[in-house]
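**Student:** Please take these sequences and the hints and turn them into a complete structure.
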Amino acid sequence: MNLWTDSILVLLALASLLLLGSSRIAGCIRIVAFQGLLLGLLTLTVQHGTPSLRPLALATAIIALKGVAFPWLLARVLRDAEVRREVDPLVSYTVSLLIGTLALALSLWLSQRLPLPTKPVASLLVPVALFTILAGLFVIISRGKALTQVLGYLVLENGIYVFGVGLVQGTPMLVELGVLLDVFVAVFVMGIALFHINRAFDHIDADRLAVLRD
Amino acid sequence: MLLVLLAVLLLLASGCAALLTQRSFRASAGCAVGAAVLAAVLGVIPSLRVLCGAAPQSLHLPWSVPYGAFFVEVDALSAFFLVPIFILSGLAAVYGAEYLGSYRETRSLGPAWFFFNLLVASMVLVVIARNAVLFLVAWEVMALASFFLVTFEDEKESVRDAGWVYLVATHLGTAFLLVLFIVLGSTGGSLDFDQFRVAPSQTGLLFVLALVGFGAKAGFMPLHVWLPEAHPAAPSHVSAVMSGVMIKTGIYGLVRMLTFLATPAAPPPAWWGWMLCAVGLTSGIFGVVFALAQHDLKRLLAYHSVENIGIIALGLGVGVLGLSTGMPTLAALGFAGGLLHVLNHALFKGLLFLGAGAVGHAAGTREIDHLGGLLQRMPWTGLTFLIGAVAISGLPPLNGFVSELLIYLGAFHGLTSAAAATAVPVLCVVAGLALIGGLAAACFTKAFGIVFLGEPRSDHAAQAHEPGLAMRLPMLLLAASCVLIGLLSPLAVGALAPVLANVTGLSPDVVRTHVAQAGGVLSFVTAGGVGLVGLIAALAGVRSWLLSGRRVTTTLTWDCGYAQPTTRMQYSASSFAHPLTELFSVLLQTRRRGVAPAGLFPHAASLATETPDVCSERLYGPVFTTIGRGLGRLRWLQHGRVHFYVLYIALTLLVLLIWKLG
Amino acid sequence: MILTLLLLPLLAAVAAFFLRPDMPRRILLVLTAGAHAAVTGVTWAVQPAPTLGGWLRLDSLGQLFLSITSALFVAAAVYSAGYLHRERRGAREDFEEGLLFANAPEPTFTTCLLLFLAAMTLVTVSHRFGLLWVAVEATTLASAPLIYFHRQHRSLEATWKYLMICSVGIALALLGNFFLAVAASNHGGTPIPLVVEELIGAAPHLHIAWLKAAFLLFLVGYGTKMGLAPLHTWLPDAHSEAPSVVSALLSGALLNCAFLGILRLQQVCVAAGEAAFGQELLVGFGLLSMAVAAVFIIGQADYKRMLAYSSVEHMGILTLGVGLGGAATFGAMLHAVNHSLTKAMLFLVAGNILAVYRSKSTSEVRGVLRVLPVSGMLWVAGFFAITGSPPFGPFLSEFTILKAALDQGRHVVAIAYLVFLAMIFVGMMTIVLRMAQGVTQREAGGPEPVLATIPPAALGVLVLLLGLYIPAALQRVIEEAARALG
Amino acid sequence: MEAGLTFALPLLLAPLMLGLINRTKALMAGRTGQPLLQTYHDLFKLLRKGAAYSRTTTWVFRAGPTVGLAAVLVASALVPLGGVPAAFAFPGDLILFAYLLGLMRFFTVLAALDTGSSFEGMGASREVTFSALAEPTLLLGFAAIARQTGSLSLSPMYAGLGSDAWRHAGPALALLAGALLIVFLAENARIPIDDPTTHLELTMIHEVMVLDHSGPELAFILYSSALKLWLLGSLLVGIVVPVRSGIVWIDTLAMLAGLFALAVVTGIVESSMARWRLLRVPQLLVGASALSALALALILR
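Residue numbers (this note's numbering), protein chains in the order written: chain A, 167 to 380; chain B, 171 to 832; chain C, 789 to 1274; chain D, 7 to 307.
Treat each hint with caution, since some may be false.
Said to hold, decoys possible - Simulated restraints on C-beta separations: (1) C:His-1199 <-> B:His-809: 31 to 37 Å; (2) A:Leu-263 <-> C:Trp-832: 58 to 64 Å; (3) B:Ser-718 <-> D:Leu-19: 29 to 35 Å.
Stated by the list, open to error - Looking from chain A toward chain C, a few residues come up when the C-beta cut is under 8 Å (computed): (4) Leu-263; (5) Ile-265; (6) Leu-282; (7) Ile-299; (8) Ile-306; (9) Ala-312; (10) Tyr-319; (11) Ile-326; (12) Gly-330; (13) Leu-333; (14) His-362; (15) Ile-363; (16) Ala-366; (17) Leu-375; (18) Leu-378; (19) Asp-380.
As the list claims (entries may be wrong) - Footprint (simulated), chain D over chain B, 3 or more residues, beta carbon under 8 Å: (20) 539 to 546; (21) 559 to 566; (22) 596 to 602; (23) 643 to 655; (24) 696 to 706; (25) 748 to 759.
Treat the hints as calculated values from the structure; they're not laboratory data.
No residue lacks a Cβ here, since even glycine has one placed at the ideal position from N, Cα and C.
**Tutor:** Listed below in structure tokens is the structure:
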């Protein structure tokens, strides 16, 4: 199992890096969907001991939400608002990649600073999780379109998930489902907001929403 | 004790009643004024009993707020401040009943009465409170109530600005008091006054805190900036109360703190005395010099409040010097003079503000240069204003002279029998008092002479008329009390004995002996005063006997051959004060605007001068603008771009993680 | 009883969504609020039993915040009944951009309002950290549509920022939860359940490094929601653009709930002997928030934004108080009560002013005391209360905090605290008094609507009473809460 | 007995000093000049006359001279004649004295303003200016003497200014005498501060204030200014003439001689120098207070 886990983690990290580097929003959505898929698989692979029903259900739920529902929702918004690619991002893609690598280094350092009390399923787990989180934050910060920011938020969530799924055993079902539900509603509401923004402003450029200041 | 509390309750209740009945002018004014007068009667009785030697009474009830307790006490010091508070506010209320009548058409006066009674009640509480929280609450309520009274005519821009300055000043002052009381209470563990324990290392800091915090209310230079703004803005009966007794609560606080900080056991360091003398000199001289340069009668009076607060501070300074050098005579005389001046200033400054209000009420303007000849039109107001003017100039035989004499005596005593180190400050006190006295006389000859004498300088002034009885009676009573205290000064000083024992911490019989000595001196003064009055009467008799049956003609003023003297040719207030304002022009920074007469046959020429307060112009104004500009530079932080907002979050997180875990 | 508290607003929300006619819905809203408050009142008499295996319980800390929320919601419900009645149907002109806009459908508004209440109640009663997180996120989602009640550009922008920033923050808090779980994983043994009491009980076994990390994430995550500088950026936009009644709830109730999230973990830290770690951070954030608030209040051009920044300031005061610990914690808890009541009152009054003057610009509003006597009076009184002048409640709490700071010998902190308070006083005074006093062209427009003046007036009376007398029961609860925080 | 003497002498002899001054000036100018007793004659003439009042004026105008005379009369009961004690002596009487003169000035000025005439207003304005500057000098001088003699009452203070005081603090006393001389000239409206002889020039101070007074009131004013001259003079001479024999008539005679000498000196000063520009008068007065401050410094040392 451990090999699987590691490879999935590596793929996750690569996906995040790819996201930093890609300009086509549709591509970004696909990457995030792919990450959701990987996340679902991860929930299965990290389970040691007898495969029970619970992780299976959770995995399906995750894949259904992060792998299918969200991308579909965002794709619809994308279709309504005729934007194809992220024109002039605040940080150019090469620099983004550079910062991405820096973030990777930082997350490695942080994971050194935080020795796990118990041996983790995979040594890569903490750094990848942190890196994905940082990548998500960076996307939110550096991309102009509101849609891309939602994607960033999703990546951030994914990173946190990697962490949770990998390290936290025995979280009660109720809490996990509540968390999932919240994330779902959050993205849903954001989608609606995006829809309204698109209708009201005829654009979804977050950096042009700057009337309210001081 | 209970009577005083009853008075407070009565004031509060009547205030609310006035608010509820504000539909009818009569009803609200009626219950407010009635309650104020009744409360005055109720409150003065126990205060006088304490002053006459009755034991101080106190009341300690639990109060469910943090560190709070309803702990009140009427001791000699409190009683001494209670008397003027009750008397002056009672009289001012009567005066206000008629004075506010002119606004009855334009607005409802319920709030005015509510806040007036609230102000009086809070002043009483401030003076009797013995718990820091209670004191601070009363102190701030006092500030707020007076603020709303100051902004009574808030439709005027100037009034709003005055209110702004006043509120800022008093609030910043209170900040110092918060620290002061907390530090006082930290050692003893309780904020009750009788639990205060002062660590010797802290006394200096505490003294400075008290000087600043209470000085802001009392109007010490350079914390006085709110005074010349707020007093003219407020209705006159309010200005009388504010200037007469409210700013004295600052003095009360300072003296009360001295009872904790300076005892014969632990005498205060000499620099406290030096500091008080320095503050007194600055306030006194600056105050009177700025008063000289004013055109607005009430503004002039406000600056005189600064001056008189300075005189009081001089007295306290001499007293503190006496304590620090262990010279009881010096201490007794200094404190006696300062405290007696508190009472006197309450009387004559209240009187003068009421008079100024009557003038503004009758002539429709407070511009001194537009007035004149009012004595013929308002004889009673004129007479009382003259008495007040003589009293505030510290001239015998009225009460102002008595308190200044005591301070002089203390200073001279220190001068004759102290080491040179002590002699220097008291020497400055002597010189300063002399200069202040001379300038004050100059200023009030100007005020009275230009406003009430000569010919009217405007139609308003020509149509002025005597106010009704409700406004005249308080002025007459105050004038009478000025004369009485002047002539019966030994009694007044005798009543000070318990207060002095309370303040200086000297043993009562030591104090009594010194008070007796002072009383001896004052009996001579009284004799002189009586002799003076008698002589005046006799000479007046002689004069009329000489003139009886002789030819007494009335003509024009001798006009040096001009064909048509007009009232515009009279000497104006500005020109009267000009030589002195020229002398102090460095200080005053007077602005001149106008057209000088030019050519062989000059036509229209004009001159307008204004003397803004140098502190607010040169000190506070720049400071505030700089702070404002500096802060404005930081506003880009909230620029409206959501990316950067998230960036803030990320950076905060990273910084914390790296800082705390790195 | 706790379940009643939760289900009452939930069911009412469902009902309100399907209830078509307006009048019954508004009555339902008010009734629900009343019932909720009544049940909350009962909890003061009888301690409700923990449910769901100790996940839901009402300790004194929760009870304090629950009571604040419930009280505010009553005022808000009554106010909004009148408010929704006055709001014009259909498209109308936006007074700043002149564009046409309509309101969100009223059922949605009422439903979200009730869901908001349910979520906040859940925050106050849940002792399971995961559940707490779910509840806090739920408050965000329930309140977002409320902010977008007026469907015009600025409110949409505000909503977007609110969603984006708070979601990011809350996500970090979730990470914090996971960190906490790691800290509680108990060295291979059976992990300690993430319930406040359990963690406090097993505090010595916690993994300190991860606990600290978890605290940092909680601080940043819930701090974003709470509006601590520099994470406060969403707050002025949301508060200024939301309907005033919503702003009142956001500022008075929601921020406290977010604070509760931090406090819960602080309880655990205290038990684990790491109180100092959190406290110094809290002091730092408190002072920083006050400073930032001072910067933006002075010369603020929009009076609702001014109130929002003042909320930032007071959240700073709360954190400062808790950070100082000891008597200051008592002051902070008391201040939470005072601030909520006062700020809600101010926002409601601001709504009345906005309704008449149709402008949020401080330079265009003059003479409120003449045009709206009652609201004007409340406006000025509320200003004096919020800036900590006696005889109003906030004075006592701020005084307590100052005294604690000085008694602990934290002179720098005390001086900074006083300086910021003074700056904010001057800044707010300049704005509020200019608005209240003076003369204006518009003449007094008849008596003010009762439903618009009664709630703020009631709150104002409460604040005044709290400044003159603190009931024994409240004193007890606050003391217990303070003791729980060390 | 001697108390009565110190009180009675000024009442009788004060007008004589004015006569002396005028006579001296006349002689210096080579004229015969008016008789020594001219002032008495003027007084009686005025007392017998009627009065003319301006319509503008009020009772303040009529009260002015009366109050002024009363004040200066009371003041004259406080001033010792060198070693000979005054009628009344108590600690602090020096302050009462100074403030009684202040009271007199206050009402003179008000009376002047009551006429509404710009001349009198101008005079009043100058009067208050200069006196406000002269007052500190006077009190500082008193302070110096008090410090020197360790007493707070004029009579013992001057009794203590014997020849040995000169031996100890000669320079200080000399400075003091200089300061008091300036005060003397200023307060009594003499050259170089003021010119008592003419009434009409706008440069006048004291004399222009009484333009509108007539009859008995003018007599009051004349008499009280004479008394004032005597009193301030005796304060000055009391320092300069250190005769403290303890025998009343010797001391008295010495003082009288001193006073008349002072009158002569004043006359000589007036006829030998011109009135200073008004702008320089304040400098002179401030200089005077500097002198007395210096004297104090010497004594304190």
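**Student:** When the structure is checked against the list of hints, which entries are broken? Sort them ascending.
**Tutor:** When the structure is compared with the hints, numbers 4, 5, 23 turn out to be violated.
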